[in-house]
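A.B. asks: Respectively, the protein sequence lines represent chains A and B.
In this text, residue positions in the first sequence follow the numbering used here: the first is 1258, and each later residue adds one.
In this text, residue positions in the second sequence follow the numbering used here: the first is 1258, and each later residue adds one.
Simulated from the structure, these hints should not be mistaken for lab results.
The C-beta atom is built at its ideal place from N, Cα and C for all residues, glycine as well.
Hints may be right or wrong, so weigh each one.
[Stated by the list, open to error] A few chain A residues that face chain B, going by a derived Cβ cut-off under 8 angstroms, partial list only:
1. Ala1279
2. Met1296
3. Ser1303
4. Leu1310
5. Asn1357
6. Val1395
7. Trp1397
8. Ala1400
9. Lys1402
10. Ser1405
11. Gly1419
Each chain is listed here by its residues.
There are 2 protein chains.
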Amino acid sequence: MPTAIEENLVKGNAVYAETFKAGELPLLPSGKYAVVTCMDSRIFPSTAFAVKLGSAHIIRNAGGSVREAFRSLVISQQMLKTEEVLIIKHTGCGMLTFDNAGARAAVAKNSGEEAAKEVADLDFLPFKDLEQAVRDDVEWLKAKKIESGVRVSGWIYEVETGKVRKVA
Amino acid sequence: MPTAIEENLVKGNAVYAETFKAGELPLLPSGKYAVVTCMDSRIFPSTAFAVKLGSAHIIRNAGGSVREAFRSLVISQQMLKTEEVLIIKHTGCGMLTFDNAGARAAVAKNSGEEAAKEVADLDFLPFKDLEQAVRDDVEWLKAKKIESGVRVSGWIYEVETGKVRKVA
């Protein structure tokens, strides 16, 4: 039995595919850039960040972390020819609401001690200061030799207003 | 001087923010699910996968890998209360076009031996068989104790037709 979420995917996709006309777009993104942003449900990069279909890699994870995304960024730049990265974190981010100890305690409470062992060595990469977290990620990425020649900038998206502003 | 890509972001976002009315959406996604898909520029999850603003975490990386996304998935489920994961890989994926040795050689050629050292231990997680890669990721995730109680399914999106199909 499909779940309601699976049914929503199948039905919504059928509508999308009916008028789909972008089947000829190439593998390499036409704008030669990547956006790293949060998985947060309130962010739609296509409209909020003006990313046209086929133009940019969109990398998303908890907090918009370049550390989690390092493998993807290397592939984007080295194998798929992107030359610029926009790191866009956001106000109201879940990563501001816990620390590593709190996350591990939550796992143990929700799923038991055996499950907690699976994340004993995991850095959840939480942060306490949003602007500083953006600056830290920009600097972390720029410090990599593999990033020489890649332009990196850092931004904050306000989920309350829909506005972005540059911070690094 | 802002780059053309930065200018595109600022101008496009200003248009978006002008009519923005979703400032009251909460942190927890209303649909209680997460989508893991590829960073590929040809995928717009909001329309292609019928994800409404505020309803789901969207996690994206090279190949739609649950291994790279493990930290984000744990946070999504344990801290932000999602209960279902859709893994959606796609035809024509860049991950089908190289292997680890080829990726390391490309880095050395593009950026030099010092840069190549930064990825000497990195698994780029390439794959040769798309359907098998979806099944592998579904099984890898289901095998985690931390995932008990989370529903996981696997899908393929066809960039040529805009259609999704279920494979696991």
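A.B. asks: Please write out, lowest number first, the hints stated earlier that are contradicted by the structure.
C.D. replies: Violated: hints 5, 6, 7, 8.
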